[in-house]
Every structure is written in structure tokens, then in C-alpha cells.
Amino acid sequence: MDNSSTTAPGRLSFRTVFGGTTLQEAYYGEPKRITRNLADAEFAYDIDLFLHIGGEVTPGDGATGLRNPRVSTAKRVATAQLIATADDAEAAPDASRYLRELVRRSAAELIARIAAKDRTVDEEAELAKLRPLFLER
Numbered sequence: 431m432d433n434s435s436t437t438a439p440g441r442l443s444f445r446t447v448f449g450g451t452t453l454q455e456a457y458y459g460e461p462k463r464i465t466r467n468l469a470d471a472e473f474a475y476d477i478d479l480f481l482h483i484g485g486e487v488t489p490g491d492g493a494t495g496l497r498n499p500r501v502s503t504a505k506r507v508a509t510a511q512l513i514a515t516a517d518d519a520e521a522a523p524d525a526s527r528y529l530r531e532l533v534r535r536s537a538a539e540l541i542a543r544i545a546a547k548d549r550t551v552d553e554e555a556e557l558a559k560l561r562p563l564f565l566e567r
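Residue numbering for the sequence shown follows the working numbering, beginning at 431 and increasing consecutively.
Source of the hints: derived by calculation from the structure; they are not laboratory data. Hints may be right or wrong, so weigh each one.
[To be verified] Simulated crosslink set (SDA-like; lysine to any residue; CA at most 20 Å straight-line): (1) Lys505 with Glu539; (2) Lys462 with Thr451; (3) Lys547 with Arg497; (4) Lys559 with Ala542; (5) Lys462 with Phe480; (6) Lys462 with Lys547; (7) Lys547 with Glu472; (8) Lys505 with Glu553; (9) Lys462 with Thr437; (10) Lys505 with Phe444; (11) Lys462 with Val447.
[What the hints assert, rightly or not] Across the chosen pairs, the derived CB separations fall in these ranges: (12) Pro562 with Arg445: 19 to 25 Å; (13) Arg549 with Asp524: 34 to 40 Å; (14) Lys462 with Ala546: 27 to 33 Å; (15) Thr488 with Glu554: 18 to 24 Å; (16) Thr437 with Asp524: 22 to 28 Å; (17) Phe480 with Phe564: 21 to 27 Å; (18) Arg561 with Arg445: 19 to 25 Å; (19) Gly495 with Tyr458: 17 to 23 Å; (20) Pro489 with Pro523: 18 to 24 Å; (21) Ala546 with Gly459: 29 to 35 Å; (22) Ala504 with Thr451: 36 to 42 Å.
Yeah, the Cβ is synthetic: ideal placement off N, Cα and C, and Gly gets one too.
Working from the sequences, and respecting the hints, build out all of it.
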């Protein structure tokens, strides 16, 4: 994808809500670490995830995964809710790895939606920008 000088590069960002205090400690810092790992990645669109990690107060409804994905080609923004239910979050043997994989899969789904709506976006090139999610802290 050719990012012209008139188009600012997109970023992946989170707004995070934790559903309580009984979550594994790694969940509280991992969203910031993921953001730092992707700080240099320049996406074709802004990718904004409202991340909700369930706990004892708000467990999260239904299944873990992406909800309400939206792509605005005019604003060059993709948004969605990303829910991790309390049961799934609690069952993960490695909270950091679990959250990174969940974010990677969800961002990949949004990138696929972007590429389907905007044929100028190179889906494979955008997916490659998620590689830092596989790196160890």
C-alpha cells in the first residue's frame, strides 16, 4: 500500500476495560506492551479495539471474540469490540500469549474487512505488520 504524504499512517490502539481484579496479573499490562510493540507499525487505517477482559464484576457475555466490527473508508478507521470472557481469560495458561493471539486474530479479521472494502489496501502487507505480536517481551 502506498501511503501518500496526504494520508497519515494508521495505528492500532486500545481502550481497555477490565471486568474485575481477579484476572491474571499479566492482563493488566499486556495491552500497553502490545501497543508499544506495534508503535512503529504504520497501518493503512487506524484500528481501534475496545478491549473488554471479563472478570468477577463483568464476566463478558457470550463467546470470546470480535463484536460489532465497522470499517469507514471515508475516515480510514476500523473499529470493533474485542471481548475476552472471564472463563476464557481465566483458563488461559499464559495470559500474555493468549491476549496477543486474540488481538492478532481480531486485527487480522479487521484488516480482511478493510481490504474487502478498499481494494487499494494490500492485505498481506498489512498482516505482516502484526508480526511483533509473535515476539517475546
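A quick look at each hint next to the structure:
no.	hint	verdict
1	Lys505 with Glu539	19 Å, holds
2	Lys462 with Thr451	18 Å, holds
3	Lys547 with Arg497	18 Å, holds
4	Lys559 with Ala542	13 Å, holds
5	Lys462 with Phe480	13 Å, holds
6	Lys462 with Lys547	29 Å, violated
7	Lys547 with Glu472	19 Å, holds
8	Lys505 with Glu553	18 Å, holds
9	Lys462 with Thr437	25 Å, violated
10	Lys505 with Phe444	18 Å, holds
11	Lys462 with Val447	13 Å, holds
12	Pro562 with Arg445: 19 to 25 Å	20 Å, holds
13	Arg549 with Asp524: 34 to 40 Å	38 Å, holds
14	Lys462 with Ala546: 27 to 33 Å	30 Å, holds
15	Thr488 with Glu554: 18 to 24 Å	37 Å, violated
16	Thr437 with Asp524: 22 to 28 Å	37 Å, violated
17	Phe480 with Phe564: 21 to 27 Å	23 Å, holds
18	Arg561 with Arg445: 19 to 25 Å	24 Å, holds
19	Gly495 with Tyr458: 17 to 23 Å	21 Å, holds
20	Pro489 with Pro523: 18 to 24 Å	20 Å, holds
21	Ala546 with Gly459: 29 to 35 Å	34 Å, holds
22	Ala504 with Thr451: 36 to 42 Å	40 Å, holds
The structure is inconsistent with the numbered hints 6, 9, 15 and 16, although it conforms to all the rest.
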